[in-house]
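Protein chains in written order, with my numbering: chain A, 19 to 123; chain B, 19 to 123; chain C, 19 to 123; chain D, 19 to 123.
No lab work stands behind these hints: they were computed from the structure. Please read all numbers here as calculations on a predicted model, not as lab measurements. Among the hints, erroneous ones may be present.
Since the list can't tell identical chains apart, any single copy or any two copies may satisfy a pair.
Mimicking DSS-like on lysine-lysine, the simulated pairs with C-alpha atoms at most 30 Å apart in a straight line are [said to hold, decoys possible]: (1) K104 x K76; (2) K104 x K121; (3) K102 x K121; (4) K76 x K119; (5) K53 x K38; (6) K38 x K121; (7) K121 x K76; (8) K119 x K75; (9) K119 x K104; (10) K119 x K53; (11) K80 x K119; (12) K75 x K53.
Number of protein chains: 4
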Amino acid sequence: MDIIAEITIVPIGIGVSLSKYVASVHSILEDTGLKVELHSNGTNIQGDYDVIMAALKKCHEKLHNEMDTPRVLTYMKIGSRTDKNKDMLDKAKTVRMHMEKNKSE
Amino acid sequence: MDIIAEITIVPIGIGVSLSKYVASVHSILEDTGLKVELHSNGTNIQGDYDVIMAALKKCHEKLHNEMDTPRVLTYMKIGSRTDKNKDMLDKAKTVRMHMEKNKSE
Amino acid sequence: MDIIAEITIVPIGIGVSLSKYVASVHSILEDTGLKVELHSNGTNIQGDYDVIMAALKKCHEKLHNEMDTPRVLTYMKIGSRTDKNKDMLDKAKTVRMHMEKNKSE
Amino acid sequence: MDIIAEITIVPIGIGVSLSKYVASVHSILEDTGLKVELHSNGTNIQGDYDVIMAALKKCHEKLHNEMDTPRVLTYMKIGSRTDKNKDMLDKAKTVRMHMEKNKSE
Numbered sequence: 019m020d021i022i023a024e025i026t027i028v029p030i031g032i033g034v035s036l037s038k039y040v041a042s043v044h045s046i047l048e049d050t051g052l053k054v055e056l057h058s059n060g061t062n063i064q065g066d067y068d069v070i071m072a073a074l075k076k077c078h079e080k081l082h083n084e085m086d087t088p089r090v091l092t093y094m095k096i097g098s099r100t101d102k103n104k105d106m107l108d109k110a111k112t113v114r115m116h117m118e119k120n121k122s123e
Numbered sequence: 019m020d021i022i023a024e025i026t027i028v029p030i031g032i033g034v035s036l037s038k039y040v041a042s043v044h045s046i047l048e049d050t051g052l053k054v055e056l057h058s059n060g061t062n063i064q065g066d067y068d069v070i071m072a073a074l075k076k077c078h079e080k081l082h083n084e085m086d087t088p089r090v091l092t093y094m095k096i097g098s099r100t101d102k103n104k105d106m107l108d109k110a111k112t113v114r115m116h117m118e119k120n121k122s123e
Numbered sequence: 019m020d021i022i023a024e025i026t027i028v029p030i031g032i033g034v035s036l037s038k039y040v041a042s043v044h045s046i047l048e049d050t051g052l053k054v055e056l057h058s059n060g061t062n063i064q065g066d067y068d069v070i071m072a073a074l075k076k077c078h079e080k081l082h083n084e085m086d087t088p089r090v091l092t093y094m095k096i097g098s099r100t101d102k103n104k105d106m107l108d109k110a111k112t113v114r115m116h117m118e119k120n121k122s123e
Numbered sequence: 019m020d021i022i023a024e025i026t027i028v029p030i031g032i033g034v035s036l037s038k039y040v041a042s043v044h045s046i047l048e049d050t051g052l053k054v055e056l057h058s059n060g061t062n063i064q065g066d067y068d069v070i071m072a073a074l075k076k077c078h079e080k081l082h083n084e085m086d087t088p089r090v091l092t093y094m095k096i097g098s099r100t101d102k103n104k105d106m107l108d109k110a111k112t113v114r115m116h117m118e119k120n121k122s123e
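Chain A with its partners taken away, still in its complex shape (with noise of 0.2 Å):
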């Protein structure tokens, strides 16, 4: 099953600088060699399902047994769809075009 899901990952318990470990875990996700798209509040990914889940699992065992992060929170929106096949950066391009078309009529 493919998706389209972000991926946001917060180290609790190490200080309130969290952009070490959160590269950490963006490599692992870009490591899956599947499209990924890093923003201001997550990391965008686009690919198998069961794939994107054992690279999620990587990212908290990382966390727990390599950082010493004593508690992850990980917040996550995945989207499927059956009607059509959708590239991931097609979406704000969509989203785009029809801000255009708005804004001429």
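Add chains B, C and D to chain A, keeping to what the hints say.
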């Protein structure tokens, strides 16, 4: 890896009334035999990461393949911790205990 | 505008045990007088959008100003509908009703 | 109170294609004049809490009153911090910097 998760599944393209669909996928989560807690905005579930993720996949597949849902969005929280084992239902209890303590101070 | 919302507040940079902080902000939500439901992954609340958003702001401010929390993350779901009025606590009931119906079919 | 937020608005009951609706509410967020970043799973926005919450209310109202959407679900992340001022778009940059550093180690 044991997790405490929250799953909110939103079927898209089947109209405005979602409860029949939500019931159907909540049953799949209950059928895992794991501890589940249905509330006004989702289902909490505690147990093994792989078991929960396999159940969630089944939810999407059932909505697509058996209930004609063209599009499914899931919102999920996933919490894991190594500092202690905690029963999901004790979380709200601990919060309430602190509330009582605050009131009596 | 009436909404049914879910609020999960995560204080960052104060260590691994969050329940004292969660209790404190849950009290602010209860003090609105609105219907609230505390569960294992957050607080559900039903009522006027402006009242809820003002209460949430107070939660962030209390954590920052009175409880020395350097960073606060909130995860929120907001639902509004015009097709019917529905009590928050009836949502889970309706889902359970559908589950009973499915079992008896 | 300044926040970095992510807003994902899901119109329910208007069919399976959401981009026209998403474009319409994204325009409301852009019209605040605040910094916004549209991505595959939502809109990031940085600025004053009250301004953002007022804009989000307008989004729900527009969908209900002008675009015949019976039901609207919003998923939101809200981050505030007192330890430093950070530009929203620098968050991804800092993460990337840490990734480069990790690779060279």
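> Hint numbers the structure violates, sorted upward?
Replying inline: Of the numbered hints given earlier, the structure breaks none, since each of them holds.
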